[in-house]
Each structure stands twice: as structure tokens, then as C-alpha cells.
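S.K.: Sequence:
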Amino acid sequence: LKQLGVGPEVLFSTLGRTAARGVETLVVAEMLPVWIGELAENMKKGDLRIHNSEKWDPSTWPKEAQGYGWHEAPRGALGHWVRIKDGKIENYQIVVPSTWNGSPRDAMGQRGPYEEALIGTPVADPDKPIEVLRTIHSFDPCMACAVHVVDGKGKLRAKIRLN
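Quick note on numbering: the sequence shown equals residues 623 to 785 in the numbering used here.
Think of the hints as simulated: they come from the structure by calculation, not from any bench. Heads up, some of the hints might be wrong.
Stated by the list, open to error - Using 30 Å as the maximum straight-line C-alpha spacing, the simulated DSSO-like pairs for lysine-lysine come out as follows:
(1) K750 / K781
(2) K677 / K624
(3) K685 / K710
(4) K707 / K685
(5) K777 / K750
(6) K775 / K750
(7) K677 / K667
(8) K685 / K666
(9) K666 / K677
What the hints assert, rightly or not - Restraint ranges, calculated between C-beta atoms of paired labels, are given here:
(10) G701 / H759: 20 to 26 Å
(11) F634 / K707: 41 to 47 Å
(12) A695 / K781: 28 to 34 Å
(13) D669 / I741: 22 to 28 Å
(14) E738 / G668: 50 to 56 Å
(15) C764 / P680: 26 to 32 Å
(16) G668 / F634: 44 to 50 Å
(17) G668 / L755: 51 to 57 Å
(18) S675 / G709: 16 to 22 Å
The beta-carbon is built from N, C-alpha and C at its ideal position, and this holds for glycine as well.
Build out the structure end to end from the sequences listed, making use of the hints.
M.R.: Below, the structure is given as C-alpha cells:
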């Protein structure tokens, strides 16, 4: 940021989200040799704690159980919920980051991240609103993307769909 002569406020933008993915990729690429080296050293010493094969034997699994897991994934919050009955999955639900990011306004009127990011985005050509597409894509949505641009009178100006 210093080299570019900009402040941290630019990180909360289409360019900031896109650049952050590039920086993260570089950091991970630089760390991979270190992590692989640590894993190899542990394996040489007989330390195989990364894997517990006991947990992979279905006879050790409970017949009735429920659980959930939360993780901060690259796109945002990821949640999994599972209910097991009679040794089988009775219900499994996933709420992925794209669901949270693309959410509509909540009961308190708070906008979702996509909507918030689009407010004030300049659009050079309303018939080809590439800026809208870039802004949504900066969140790296994990879903088909469709954008409908409607003018102030309700007239459809553009429809863009990507799979």
C-alpha cells in the first residue's frame, strides 16, 4: 500500500478484495516448502499424528449423533450441520460463504455484502455494466452469477449471466 501511495481504505473495494487473493496465494506458495518440510521431518521421526486411522473405521462411529462445524473459509464463514440417526445421515445442511455474502437485507434492514459493495459503484455504460460484474466477482462467489440492471423507471437495461 505504501508503494502505491494509498491507505488501508482501498482494501475495502473491488480491487482490494481481488488483490488480497493474490497476496494470500503468494504467502501460501512461499510457506508450502516450510510446511512440507515440517511434515517430512515429523514423518521421519515416526510422528504420524496428522492421521488417526481409528476414526475411519465405521464400526467406531455412533449410531445417533449430531454436530456442527464452523470455519472461516477463503470466501467467508462456512457452516456445516449434521444429524445422524440409526447410523445414517438423517439431515445435512451447509451454509456456504456465498450464501452469507449474497444475502438480502436482514430483518433489521442491514444490507448484505454484495449490495453494500455495489452502492456508489460508478457504471460507465448502463447497457454493459461490467463494473457491477467485477464487484460481485471480487467476492469470488461460488455460484452461477446473474446481474439484472434496472433503471429508475423499472426498465430492464441489461441482464448478465455467468455459470
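S.K.: Take the hints in turn and mark each one as holding or not.
M.R.: Evaluated hints:
1. K750 / K781: Holds, because 9 Å separates the two Cα atoms, which is no more than 30 Å.
2. K677 / K624: The hint is violated at about 49 Å.
3. K685 / K710: Judged against 30 Å, a Cα distance of about 7 Å means the pair holds.
4. K707 / K685: holds (6 Å)
5. K777 / K750: holds (15 Å)
6. K775 / K750: At roughly 18 Å apart (the allowed maximum being 30 Å), K750 and K775 satisfy the hint.
7. K677 / K667: holds (23 Å)
8. K685 / K666: violated (37 Å)
9. K666 / K677: holds (23 Å)
10. G701 / H759: 20 to 26 Å: holds (23 Å)
11. F634 / K707: 41 to 47 Å: Given about 44 Å between the Cβ atoms, the range holds.
12. A695 / K781: 28 to 34 Å: Hint holds: Cβ distance 30 Å, inside 28 to 34 Å.
13. D669 / I741: 22 to 28 Å: violated (52 Å)
14. E738 / G668: 50 to 56 Å: holds (52 Å)
15. C764 / P680: 26 to 32 Å: For P680 against C764, whose Cβ atoms are near 30 Å apart, the range 26 to 32 Å holds.
16. G668 / F634: 44 to 50 Å: holds (48 Å)
17. G668 / L755: 51 to 57 Å: holds (52 Å)
18. S675 / G709: 16 to 22 Å: This hint holds: roughly 20 Å between Cβ atoms.
Comparing the model with each earlier hint shows violations of hints 2, 8, 13; every other hint is respected.
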